[in-house]
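Peer 1: Given the sequences, and given the hints that come with them, work out the whole structure.
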Amino acid sequence: MSKLVAFAAIQGGYKVVSQVEGELEKALQSQDASTKIGFPNTAYYLPVIYSLTGIKCETLEDLKKPMEFARGLLPPHIKGANHLPYLGPLLDAGMAGIFAYEVKEALRILAEPDFYIPTEDPDIEAGKIWVGPADDTILRKRGVEFVDGSAPGFAAIVGAAPNAEIAKMIVEDYQKKSLYIFCAANHNGKTLIEQCLEAGMQIGWNTRIVPFGPDISSAVFALGFANRAAMAFGGVEPGDYRKMLMYNKNRIFAFVNALGDVGTEWAVAAAGCVNWGFPTLADTDIPEILPTGICTYEHVVANVPHDEICQKSVEVRGLKINVTEIDIPLAFGPAFEGERVRGGDLYCQMGGGKTQCTELVKMAEMNEIEDGKVTVVGPDIGDLKEGDVLPLGISVKIAGREFQSDFEPIMERQMHHLVNYIQGVMHIGQRDIAWVRVSKSAVEKGFTLKDIGVVLHAKFHQDFTKIVDKVEVVLYTQKEDVDKLTAQAREEYKTRDSRVDNMTDEDVETFYSCSLCQSFAPSHVCTVSPERTGLCGAYNWMDCKAAFEINPVGPNQPILKGKVLDPDLGRFQGVDEFIKVASKGAVDYYNFYSMVEAPMTTCGCCECIAAMLPSCNGVMTVGRDYTGETPSGMKFTTLAGVMGGGLASPGFVGHSKFNITQKKFILGDGGLLRMVWMPKVVKDEIRERLNARGAEMGVENFADLIADETVGVTEEEILPWLEEKGHPALSMDPLIG
Amino acid sequence: MAEVTNDKAVKARKIADPMEATIEPATQQMMVRAAELDIETVFDRAVTMKPCAIGLQGICCKNCAMGPCRLPLPKGGIQGEDTRKGLCGATANTIAARNWVRMIAGGAAAHSDHGRGVAETFLAAARKEAKDYRVKDPARLIQIAPYFDVATTVEVDGEIKDRDIDEITLEVAEKAVREWGKPELTAKYLKRAPKPLQEKWAKQGVEPRAVDREIVECMHRTLMGVDQDYKNLMKQGVRTSLADGWCGSMIGTDLQDVMFGSPSPIQAEANLGVMKEDHVNLIVHGHEPLLSEMIIAAAQSQEMIDYAKEKGAKGIQLSGICCTANEMLQRHGVPVAGNFLQQEFAIITGACDAMVVDVQCIMQNLANVAKCFHTKLITTHKIARMEQDNVIHIEFDEHYASEDAKRIVKMAIDNFENRGAEVMIPRHKSTQVAGFGVESIQYHLGGSFRGSWYTLNDNIINGRIRGVAGVVGCNNARTKHNEEHIVLIKELLKNDVLVVVTGCSAIAAGVHGLLTPESAAVYCGPGLAEVCETVGIPPVLHVGSCVDNSRILLALTEMVNAGGLGDDISDLPGAGSAPEWMSEKAIAIGQYFVASGVYTVFGYHLPIEGAPVFKDHLYKDMEEMYGGMWDCEPDPIKHAHLMIAHIDKKRKALGIDKARERVLMDMADRQALGIE
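Chains as they are written, first to last, in numbering that gives the first Met the number 0: chain F, 0 to 736; chain D, 0 to 675.
What the hints contain is simulated information worked out from the structure, not anything from laboratory work.
A couple of the hints might just be wrong.
[Unchecked claim] Covered stretches of chain F, as calculated for chain D (at least 3 residues, CB under 8 Å):
1) 287-293
2) 311-319
3) 715-721
C-beta: ideal position from N, C-alpha, C; glycine also.
Peer 2: Shown next, in the form of structure tokens:
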């Protein structure tokens, strides 16, 4: 009976709104109305309220407005007989409840600033198991996975399973399907997260089991995350509620699992979620709402057995998940990528300074190799005892009619995440500095090194059908074999590096477009050239070329660069023509090597954003991991908000970290020597390359001339320091002509 | 001889059998009461006087003094060439088509004149000349303003700001009244229709110009010796009907909503049992809310309630009959006393202290019935008076609306003490939920944030709802009162067809309990019942008065726009019906639904049987031209199945005649989905 659901949700709406009104009133009595409130490190205020209404809540006083709005949404209670329609009122009550929950969380963070630990992974030892609202750094990192489909959606689970074993089964089921599991609320004081911990699972964003909070109000963080993704990557404007909710219905495939008794406070939250197109599946006997319409399929499904809840949820949401069935004794999937193998869990390891561990992919002739053959030469896991180490050389040979030696490094780079996808196995590094750590639980389940080969064979075939015909893997575990492979590999790396490093935009006639994000940032079109890698940091020219070979109708299309219209700023006739069409007329042209004049458009996915600093006659850049203030006066998230969504904003440009030291980096504006500020973490990461590129441009130890947050976070603070160091930008031509 | 004459004089008049005349118990009870009191009603006259057999066939021409010419169909039908001709040579097709077009003109004139009255009052209000009327629903005004090419924002120093509401009101009002008499261009509201439909109208050359012009042209063309090609005549018939549905009626509905508020679901009661013995009973009957809105305000004023108490009554019970009832119901929850055929019985209760009437569907016999009681029968419209001397005329002037209304209410109160002892109010009454406008339905299909007609479409696509049907129109004393409406509607519900109702059909549905949410579980097929339960709606939605049939046109357009069910109204799995039609207004309505792409089935009979070729034009050719066509079937069950067969035909054409598969979507599928 939908009427009972409506009755409960509307009751819940009144209860929650009244409660939060009281809490707000109390807060206003004890604190100044101008007291700052908000979620940590976000440019989206209280994101649900902001995204749907455009209301920016920054102070206690500001919270009154959304609460008035929520109160106004509360419909009349449902009468017994001859009642009025209730679907619309039910959804409005749900929304009122969600708004109130978000305000409640803001009040909690104000009252208890340390309640949540705003990091990716909780600090279990310190008893900080709740991470609260993900900040924009996590959003940008994880949001991309929702954008490109590597995370098909999320399961918002409220309550707790009957026991830890069932909790583990359900959560692992979702992990295998690569879904994020957003957890909130408790059932009789017990939470699913506590049950996961009890079952020995690793929780946190890295294993996709996100402990949002212990109360139902914390469930609002899942919606806030979804709506921020829509704003950051989808270009949905704050206040455009209809588009926001339809975006969620048709892009973010999420749903709710209610584990435990559904009271009015859960009912109102579930009703709220229906506005997003997120249905609820419950393990208890609650009234069902099966007709379709607001959600893609059913709205509320009850009495779902625990061993079916995962499959049923995915079906009800209408989600197709291609689960890779690989014949290994362990679970496999992206959800296990971030799982760690810590000291106490470690059974054995290869590489990591203890032994040599090397990976190499080589092209082979079709008749040279046997597809699917995996050989382990030397001792395997079974021959080891706990704490042992082993050298490892993974040699993969690929043959294919369409395969080219240019694809070798691309295939090799896959090995890191593919090995990491194995539950209980951790992979760090690449090439000749790889490191594989195997956990006790993996060994217990029967893991052997051969399984690495099985995974690589299966996934290479699956992900690269077009170019891969045969894959053979040999795993060497004897020192002399590994050393031999390593020597061969190092020769290979050298050849490859010089080939890629020396490749210039002038050398090629074809650039590649990348419109991977275009369904999310409609007017944005990346163009990738050898000296301007994709701004997300994930795609270089070679990747795009390979992607095009693999999928000729995919998001990477060749662009004949055509006549060079401006060699200094980097403007090409062929590119102009392409982007005009691809951006549907929104962008006429852009320059590759300038951030001042018609810079390239930027989606929300960029790794770094560079901004002009006029008083320093230079530029700064900030990476998405740095959450502090910058001399541009804006944090990364604000910058991304200002210029994301496919806009070209003169004075700003999105770029990858790697691009900073590429030769064409803002060459039209003076090049790398304009760089006066970057966060220390970025500077340290690319210090060597900065110095190398600086030296090429005639400045030794250039990294030491670039200011960072330890020097200052305003132009006034850093300028004297730059003058003292004699930064070359200060004596260059004025940045703005 | 004298004896024979005497015999005739004493012969008892025929009295209708209540069980044969109506299925409605309160009406049956009141018929018995009328017989006891020897009061003649419409039902008695229906058994006394048979309809004219020639007129029934539609081939009687009295448009000139050479006639009346009668061209009845030969008993065995037409053998070989049809040689029937009037004196001037007019064929049966010409005569039937001229009569048909004149009916359309009559119906369109009635609705559109109603609309004009509303528009003129709105203009007076906009000019601040009618103090009792104002803009009550500004959102609705802003919604319709663009169709009149009226700007709703202004640019001030480069900034876009909301335009002053009074300015918008005045400009909309001035442009709206022009739609009746503008010398050039076509009706502005045509652009609200789905594009393919507009193209069909353009192709057929039937886009209406000013409303008055189309009606005048109907009269001209049907004059002796003018248009003598039934196909060409019907172009004008269609054009005039569209001027009604997509202009006169639609503007009427819109401006009524602007002035009196757009309806939203509301609880109320229906049937003669809503009258209260210890209250002053004031009944408003007719069509225009301009009057009834003011009466409601007056009857609910403390001053009048106190006055009624002073006069010994416990209060004032206001109720309505016919479309005035629907107007008061959908905006205020004022109870409905009954539909067209119940009007005389409201007075026969002996408890009706005053019946106030304006225009349309008011039987002249009311005056004769009122004469038998203390009831004051008050006519209020300058175009609608009665010859009987017991009828009081208080002309309603919108400039002094509230004063006039108070005078009327006071007259009812003053009359309370004159009641005789013979009060008998039937106890029958039903609960109902009414007030479903296009806007409120959209809200209830998803709330403030996700409200969309797509919710309905989705459940049609998934097969829970088979289709939608509009059941509208009158009562007709030649058919069993309410039976066709109710049997038809129940059959549709049983087959999972969602029903919308207006006019007297809506009142019938209310009286018989079909407008309650609880009726879904009782009468509907499992799919429709489930959807009704989810949304919390009755399976039969009351969308207003007969002028509000324009709401159905807009609802169908919304369904087209919401997507998934084709590009035009004619693609939708839907059908229309007027099972107990009697007024010319029904023909005008039927014709504009047909010309908008709706398969429209009438009950009783249609006056075209004498002209089979013309009948084929309406039943078959029109489908080619507009996507919709006429049909007629007196048996309500067969009638329902004609509609269901058409719905199934449309479902098949849309490819939704089989169970919908559950499509699971991967990333590429999702990226192909729209987000607007």
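Peer 1: Each of the hints needs a verdict: does it hold here or not?
Peer 2: Hints, one by one, checked against the model:
no. : hint    : in the structure
1   : 287-293 : holds (count 6)
2   : 311-319 : holds (count 5)
3   : 715-721 : violated (count 0)
Violated hints amount to a single one, hint 3; each of the other numbered hints is respected by the structure.
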